[in-house]
Amino acid sequence: MATMAECRSALDRLSDNLAAAEGDVRGAAALDRSLSCHIRDLDITFTGRLADGRIRVTDTVEGPPREKAEIRLAMTGDDLVALVDGDLNFAKAWAAGRVRLEAGFRDLLKLRSLL
Numbered sequence: 001m002a003t004m005a006e007c008r009s010a011l012d013r014l015s016d017n018l019a020a021a022e023g024d025v026r027g028a029a030a031l032d033r034s035l036s037c038h039i040r041d042l043d044i045t046f047t048g049r050l051a052d053g054r055i056r057v058t059d060t061v062e063g064p065p066r067e068k069a070e071i072r073l074a075m076t077g078d079d080l081v082a083l084v085d086g087d088l089n090f091a092k093a094w095a096a097g098r099v100r101l102e103a104g105f106r107d108l109l110k111l112r113s114l115l
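Start counting the sequence shown at 1; every next residue gets the next number (the numbering used here).
No lab work stands behind these hints: they were computed from the structure. Some hints here could point you the wrong way.
What the hints assert, rightly or not - Straight-line alpha carbon distances no greater than 27 angstroms define the calculated DSS-like cross-link-like pairs of lysine-lysine that follow:
1. K68 with K110
2. K110 with K92
3. K68 with K92
Assemble the whole structure, with the sequences as input and the hints as a guide.
This is the structure we're talking about:
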């Protein structure tokens with residue numbers, strides 16, 4: 001099971017990957033939205049913003065997110081690490097129910113290029 005530090009590191013690596021992206025991925029990452037990532041097996045939530053092509057984690061709280069972010073993710077720590085490492089395909093994990101993504105319809109359309 002991935003630790004909280006490993007999950008935070010994975011989010012930092014994901015942020016770096018988004019910042020270095022080009023084309024459609026860069027456009028999708030250019031949203032300015034509140035973001036939460038609930039790690040179900042650790043029962044913690046990272047909260048922050050997706051802005052300027054980066055994920056900025058501002059807080060870590062115990063349990064599910066206290067406020068409804070504009071973009072909400074939920075998964076296990078191992079799945080987060082595997083996604084960022086490229087060992088788990090997001091679309092397949094989402095279809096299998098391993099990853100949950102919730103956002104407004106327009107945001108989902110923009111975020112689909114990240115999938």
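Among all the numbered hints in the text so far, which are the ones the structure does not match?
-> none
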